[in-house]
Each structure stands twice: as structure tokens, then as C-alpha cells.
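Using the hints, position chains B and C against chain A.
Protein chains in written order, with the numbering used here: chain A, 1 to 397; chain B, 1 to 364; chain C, 1 to 151.
Simulated from the structure, these hints should not be mistaken for lab results.
No incorrect hints appear here.
Simulated coverage check for chain B against chain A, where a stretch passes if three residues somewhere in it have a Cβ under 8 Å from a Cβ of chain A: (1) 8 to 16; (2) 108 to 117; (3) 183 to 194; (4) 338 to 350.
Just so it is clear, CB atoms sit at the ideal spot from N, CA and C, and this is done for glycine as well.
What follows is the residue order along each chain.
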Amino acid sequence: MTSLYDWSYWFCEAWLVPLLTPLLYFQEHIMPPFSNPAGDLARWMESDPGLNVLAWTIVVNVALMIGFTNVIIVVYLERKIAARIMDRRGPMLSFHSLKEIANDLAGSIPEYGWKTTTYAGIGILQNVADGIKFFCKEMIVPAKADRLLYTIGPVIFISSSILLLVLVPFSPRVAASSAPLGLLVVMAAFSIAPIGVLTTGWACNNKYTLIGGMRSAAQLMAYEIPLLLSMAGVFLVAGSFSPMDIVAQQQEVWLFGIPMWNIIPQFLGFIVFMVCILAEVERIPFDLPEAEAELVEGWTTEIGGLRLGLTFAAEYIRGFVGAMIATVLFLGGWAGPFLPGEIWFLIKVYGILVFFIILRWTVPRIRTDQILLLGWKRLLPLSLVNLAIAILYVEVF
Amino acid sequence: MAEMWIHMGPQHPMTHGLWNLRIKVDGETITDAEPELGYLHRSVEKIGERRKYFMNTTLTDRLCYASAMTWTHCYCLTAEELMGVEVPPRAKYIRTVVLELQRIASHLMWLASYLPDLGLITGFLYGMRDREMFLNLLEIPSGGRLLYNYVKIGGVKRDLPPGFDAKAERVMQTLERRLKEYEDLYDNSKIFRMRTDDVGCYSASDAINWGITGPNLRSAGVPFDLRQADSYDAYPELDFTPVTTSAGNGRSDCFSRYRQRIDEMYQSMDLVRQALVKMPEGKVMAGSVPVRARGEAFRRTEDSRGEALMYLIGDGTDRPYRWKIRSPMFTTVSAAPHFLKGYKVADVPAIMGSIDMCIGETDK
Amino acid sequence: METGQFVQQLAKRDGASDGSVLRANVGRITVTRAASQAFFRVLKEDFGFDHCSLISAVDNQTGFELVYHFSIIDMEGQMLEVHVELPRDTPTIDSITHLWGGADWHEREAYDLMGIYFIGHPDLKRVLLPDGFAGHPLRKDYVYEIHEEEW
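Looking at chain A on its own, in the form it has when it is part of the complex (with noise of 0.2 Å):
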């Protein structure tokens, strides 16, 4: 029982498949021989294929949930952490209130004085309110769009960043893929979206959107090979791709007690790195594809409904997932004392995602030429500086 893997595994060998194929085998002898490829579906789930099968199915779907779980708590965090940047209290529609709105459409009239409803609660429940009307939208598409390619260009963006989420390990006990090359699997998910930009800006038949569209693929085009070169450093050191052996490799060397977690040699790549990840989710100050005060709302502009919804959620996968990649690569994942190592790692990304949160409602947005000379002119440099001084690094320990 090491790892997630292990215990679905554990739970299909012992319950789920004993449970299932009495089922199966039953059907078999019903209406044979139409019924008989109940039987082989048994067969091949007790078989070592069909267990491995049903475990990662298993694990998959845990690791999704834990990721969507995580988002619907970033867009919490977001709006309460704004909420309190800007001087309000933010959402507080909570299981509290549900009451005096049930009362209020009831109509009811309190006994004396002025009827003060405060729907105060902690706001819990306003993400599900947020989900319940995306839910009941529409799904629209502009009657001089392709439709085709507007359909496609969303669910390439949802799915890939979806994707993300069980790409990257929680600790080595909750993890859904070990591929040999982790990180490098990661990032080439994380290049798909903006395909999907492209697309449906493109197909909206918008000006609007193409130009987010352009400015999408302009920016991460940038960003892609400074953030490559910084993770570099890191697979250098480490001699891997794998986020296993980046963490284990992170708590080998330690100077006067403190662990020399990648942050501490390559602060410059961290800085690097955070900037393109920063870029990467397309979060202010770097959000200009979507740049609501000249674009509207950049490529997402012409799509509403559920896939809006599902949109703004896979840039919140983005986003968790950028912090994730960060902490496995620079703060040494999860390691350290005391608390289980998937509390561990949860801290360091929510910490980051904190950072990205207080930035997005302090700072304004940047220009398209800015980012561009910032990204070739200033990080691209700097992170072949970061490989330089990782090279060093690997030489003298």
C-alpha cells in the first residue's frame, strides 16, 4: 500500500472485480452466445491487464477529482483574497444564507422591525451558484462562425489543461502517471492550449478574438523557450526528467541544516520560471489575450455557456498546475518535517498561488510589445545565465 496505485489495485483485486464478474459470469449463461462477451470482459478483468486497467481508471479519476477539488478552493481563495485587496468583503452566499433566501422567496415577514437580511456567511456556496448558472446558459455559437472549428477550438484548450492535472504527482504515494519523462510530458500538454486559442479565436469571425488569438500565440511562442531553458537547469542537476527523481534529488545536499532546494542555487531561474508560468497561465500582468479593457474579453469573447465555464476552470488548472510544476521544480515538492508530504506539497503551491493572486489585483497589465522584449530581451538571457550557473553547480557538488 505505497502508493495510490498500489491501493487501487489492492481495492480492484479485492472488491471491485469479485463484485463485478458474479455479475458478468451470469449474464453469460443468459442468452448464450450473444451474452457470451460478458463472460471474456469478466475473464479479462481478473486478468492482470484488466486489473492494471480498471487501477489506473481508478487513479486517474482520484487525481482529477483532487485537482478539481483544489480549483474550485483557487477560485475561493481568488475571490475572498481579492475581495479583501479591494477593501470589501467579497462573496457570502453560504449554507447560512440559503435560508433567508428561501425566506425571502417565501415572502415571509419577520415578526417586528426592519427585515435585515445579511446573507452573511464565508461564501462557500457562491462557486456552485457560479456552476449552476454556466450550467444553465445557452451554448451559443455566432451564426457567422465556423461552427466546426468554434465547437473543436474550446475543447482543445479544456481538455489539454485537464490533462495536466494527472500529469503531475501530488507525492510519490499520490500519483496517477510516472512517466520517465515527467516534467518534459507536462510542458508539452501545457503547449497544446494555444492551439485551441488560435482556433477559436479564429473561427468566432471576431476581431476581437482574432487579435487575442494572435497576441495568445505571440506570447506564449516567447515564453515557451526561456521557461524550457530555466527548467533545464533543473533537469541538469538532476539528471531527469521525472519529478520523483527532481524532489529526491533536491534533498541530497544540505548546508548548515537548511535542504538546498533548487531555490537557493538557481534563485535566478526560479524568478525566470515564475515570470514565464506567470505568462504561460496568462494571469495579469500577463493576461493579455483576454485583456478585458481594449480586447472585451480577448478570445474567450464570442463563447458563453458551459464552455466559458469550463474555460475559466481550465485556466485555474492552469494556473494550480504552474504552481505544482513549480514547487515540485524548485522547492523541493514533497519534502519536509513533520506532516505528510502531500500537506507539505499543497502549502508550497497554495503559497505560490497566494503570490499569483495578491499580483493579479495589484499590479496593471502590460503591453504586447513589452511582454515580447521582456521575454527575448531580459528572460531569455537570464535563463541561459540560470544554465550556465547550473552547469557550475552540477561541476562542484
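Chains B and C alone, transformed into the frame defined by chain A:
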């Protein structure tokens, strides 16, 4: 990419109000621009010809939703000139106080709407929060928060209540403290400076030629303030000099326009304090205000956005024969193509926000 | 320069008449249409009136009257009000946009709402009303009709 026209408006986050800016872009660079107005045209001048002189103050209030007091004041000043009404000194001082408070509220509203244009939504709530205090102050004598109808032909509607100056002082001290915070937050912000420095530049001579006035002109280093150049109310008795800022070489850019308005808020607070101290006792309304008028008169005042000029012709009846309004923004927007050309699409909100659009007065 | 002084000097020019001082720093003068262009050029270049505040068109029933307000951008705030009479059947006058760029939209507005034609204006079209609008609503003989348009 081929050149294409992009419509920014009439429904667009960049347009504070209903207007349309068509820009021609080559990639992301603006090669041409054309503002289109008229979406909010109510023909105030024509309506005003059918209403009695004193009725028109309700219309002038609605000329600008951010700065209602100054427009009504400009109209009343013109009508008083036309009718030959002498305003009591206390009313002059009260007008000065409420005008300056309105100017601060208007500039705060500008600050609130400018920062979302740059992508910082937090600034919107900060500006609105502070404007709220000044609306509360203006509510004390006038009873209104957006449209006051407080300044009347011949004086003001009501006297200031006792204790007003203490309340005003408290509010102004709060604002001074917060303005310091904003200077830390915005002036020292590298990204804010990147977005505003050397963006939307025009020289002082160009600005004068295009008819740009008010803070937008003073931000190019031209000390031209109608509160002194064509003084009215209690301004001749107050001690102040026009504040100017400049982006160097007699130019104005977005940052100098931002700085100009912040500095003007400090100056307005100083003027309010002076006026509250020097305020004489007495009546607040002229004894008799004629209903009919003959002749012609014009007055110009320093509105929150520039030079407001009203020109009234009376033909002896109780209604104006012709009423003409000069809106400072109308002229400034006409110059927009000149100072938009060559900048990026992302600069459009930064530039058009920095000149402080108010579409109500522009469309009349 | 004293207000009365420059008003007197300007009143001596061709076509100018009725020079008077309205109040401190504000003068008033009447110019004929034929002499207006030369007069404005002198006003801008020799007297330094660098700011065109306002162009108001007035419908006098018998004819039109254009009222120009010019001022100098300095702390004295000198101002001059220039009246130009136009006949009712040919309400045209030379544009002053090449002298004062700020006059551009004021002239367009006068054309839009009062139907004054400015010769030499670079882009004389309606500014506040839509392009297809019939008539000029600020004229006194404009008959207001309720247009029930279908949307």
C-alpha cells in the same frame, strides 16, 4: 496582417459611456482613428430653448454625471451675467467650496475608471470608495448624490449646515492619507510607469491648437487656469497658482495627466480649506431674480475636465432664445486621432482613459 | 495689451465694425462674411489668439449669425467675441480649421445642428446626429415630428 478597422464601442469596456472609436490597425499598431459621437445626444440646447431659465438647471446637472455641480454652476453664472444678478458673497464662497469638492469627486471617479483601463480592477474600488466620502459631503447641503441641483441662479439653494467644515476637514485628511498610499501604489509601480510613460504624447503647442484645455493642457506644462484667467466666485480672493506637470519638453503623456489630476486634488483640498476659513456670513440667495432677460452673455469656467463655456441669448421672454454649450471633452475627443496614431491597440484605453472622457457633456 | 486697445485696432480693419468692450479682458466685434477670413488670419497671427473656444451658430429668423469666441492661453485670459452675419439662403462661410485645429468639430456641429456650410473644411459631415438625418434641428423653422421607426 492586412490593415483592418476595429470598432471600440458603443458597447465596449474602454468607452466610459456611449461612444464609438473606430481604429485602423496594422497588426497591433494604430494607423488611423475616428471617434464617432451622438449615441447619447439629447439636444440639451434645443430642449433648453423651450424651458424657462431657472428650469434649465435640471438639464445642466445631467450634462455630466461625474461633475454635475460645475455645469450647473457654469449655466447659473451665465444666466446671472445675462440678467445682471449680483450673488451674495456667502453664496460665492459656498459655490467655491462645493465646486472644489465636486472637482475632487470627479477626479476620483477618473482615477477609479482609469486603473481598470490599465488592467488593475482594485484601483476602481479604491477610487469609488474615496469618491463616496465626497458624495456624502455634497449630500449634506444639497440632498443629492449624483445630480444636485444645488447652485441656483442668484445663489445656492441652501446654506451650509454648522459643522460642515469639521466634516470636510476629516474627509480631506482621509483623502490626503489615501492619496499618499496611491502614490506608493501607482507612481512607484514599474508596470504602471511602463504603461503610462511616453504614451499618448502631445506637445503644448499642439494641444493649444487642437483646443485641449483644463488638466489635459496643464499636464503639458501650460499654466492656464480659468479660475484665475477669467475669475469668478470667490476665486479672486483665494491664494493659489495653477498646478502644472509636464513629461519634459512641454509635452504631456499619460503619466503627467495622471499626476496632474492627483496634484489638482491636493490643490482643491487647499482651496476648500481656504474658502471655509474665509467664508463670510450673510444670505445665500440674491433678493430678487428676474424671470425674463434680454441680450446676450457668455461665461467660461474651469470645469473638472477643462474650459466650459456657455453662451446665452435672451429675447426678452422667460426662455432663452439660444443656448450654446462648449464642452471641453467635445474638442479633446476631436483631437484623439492625432495622439492615438502610432501607438498600440493596448494603449487606446490608457490614452483615452487618461484624458478623462465624460460622454454626457460631449454629446450634449 | 489693453482689451480696448486691441478691439479698437481690430475694428479699424476692413469689414470690421462695432468694436466694444464687454467686461474686463473681453471684447466684442462684428465682421462681414467677405472679410472674415483675412480678419481671422490677422487675429491668429498678429494678435496671438491661439485658442478657438467656441463657434456658435444662431438662427436670427432673418438670417444666421455665427459667434466665434477666441481667447489667448495665458493668465490674463483675453477674449474676443466675433459676430459674423450670414444670409439665410446661402449660409456658407470659409472654414477656419487650418488656423485653429480645435475649430474642426465646432464647425461640424454647426453644420449638423444649424446647417451652416463651411467651405474648405476637411471632413464636413454630421457629428452628433446620424448620417441620414433630415434637416437641422436647431433652426427655428425646424418642425419636430415624431418618427416612429421600425426596429
